[in-house]
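> Each chain, written out:
There are 2 protein chains.
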Amino acid sequence: MHDPDTIARDYLAVWNQPDAAQRLSQLSAGWSDAAQYADPLMAASGRGAICDMIEQARTQFPGHAFSLRGKPDSHRQFVRFSWDLAADDGPRVAGGTDIVRIDDQGRIAEVVGFLDS
Amino acid sequence: MHDPDTIARDYLAVWNQPDAAQRLSQLSAGWSDAAQYADPLMAASGRGAICDMIEQARTQFPGHAFSLRGKPDSHRQFVRFSWDLAADDGPRVAGGTDIVRIDDQGRIAEVVGFLDS
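Keeping their order, the protein sequence lines are chains A and B.
Okay, so the first sequence: first residue is 1341 according to our numbering, each after it adds one.
Okay, so the second sequence: first residue is 1341 according to our numbering, each after it adds one.
Hint data in this document are derived by calculation from the structure and do not stem from the laboratory.
In this text the structure is predicted, and so the values were computed from the model without any measurement.
Treat each hint with caution, since some may be false.
Which copy? The list can't say, so a pair holds if one copy fits it or any two copies do.
Unchecked claim - As a list, the in silico SDA-like pairs of lysine to any residue whose alpha-carbon atoms are at most 25 Å apart:
| no. | residue 1 | residue 2 |
| --- | --- | --- |
| 1 | K1411 | H1342 |
| 2 | K1411 | W1355 |
| 3 | K1411 | F1454 |
| 4 | K1411 | G1430 |
| 5 | K1411 | G1370 |
| 6 | K1411 | S1385 |
| 7 | K1411 | D1444 |
| 8 | K1411 | D1373 |
Next comes chain A alone, as it looks inside the complex (with noise of 0.2 Å):
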């Protein structure tokens, strides 16, 4: 059984990484080899092209992290958690909400993300 706490920090913790070979390894360990990405901005299948969206997304945003708001919530394959997006000590500039879905090794299959005002 997937801990949705431990899926919404290693999916943080993805967006996190400035290392594009440490974040695709990341990808490799905890979503699966065709998994779907789409938000109002973004999409992406598979995952070396989401490792190149998250890369993209990232120098919009030099020095900035995205951080867990609130606690997860999950049931049967599905993981919902919200985020936020600020630099260091800054304001938040933008904040989300995720939907996950989670396969049947417990890797994440696909990704429908949302942004809240």
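Chain A is fixed; fit chain B onto it per the hints.
Same frame as chain A, now just chain B:
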């Protein structure tokens, strides 16, 4: 292109429909035949099973109705909206946020629901 407000209002109208035959007719119009539904308390697959599931949920809250909370948002084939459940002029007894996947024909193919505290 689907309109998120219409999707959300039609969705809640299905839940608020007391007549099972009418509800199945609404499901046939707006949901795909093999639609999937899952929230923390219930899950069902296919229009008929979803129609029965809603019947059972409704019997637990006689005189209550679902109403839209806030504004639906959407990107690509996904719609997100929040709802409240309350009796007429009564306090909210439950609330949640649902994520809906729309198929190529503009019909609901999947609902993943979460309860909000």
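> If a hint holds in the structure, say so; if it does not, say that too.
Here is how each hint holds up against the structure:
Proximity of K1411 and H1342 under a CA criterion of 25 Å is satisfied intra-copy only: 15 Å inside one chain copy versus 32 Å between copies. In this homomeric assembly, K1411 and W1355 come within 25 Å of each other (Cα to Cα) only inside a single copy, at 18 Å, whereas the closest approach across copies is 28 Å. With identical chains, the CA atoms of K1411 and F1454 are at most 25 Å apart both within one copy (17 Å) and between copies (13 Å). In this assembly of identical chains, K1411 and G1430 lie within 25 Å of each other by CA distance solely inside one copy; the values are 22 Å within and 29 Å between copies.
Within a single copy, K1411 and G1370 get their C-alpha atoms as close as 20 Å, which meets the 25 Å cut-off; across copies the closest is 33 Å, which misses it. In this assembly of identical chains, K1411 and S1385 lie within 25 Å of each other by CA distance neither inside one copy nor across copies; the values are 27 Å within and 29 Å between. For the identical chains of this complex, K1411 and D1444 are intra-copy neighbours only, at 23 Å inside a copy versus 34 Å across copies, given an alpha-carbon limit of 25 Å. For a Cα distance limit of 25 Å, the shortest separation of K1411 from D1373 qualifies neither inside one copy, at 27 Å, nor across copies, at 35 Å.
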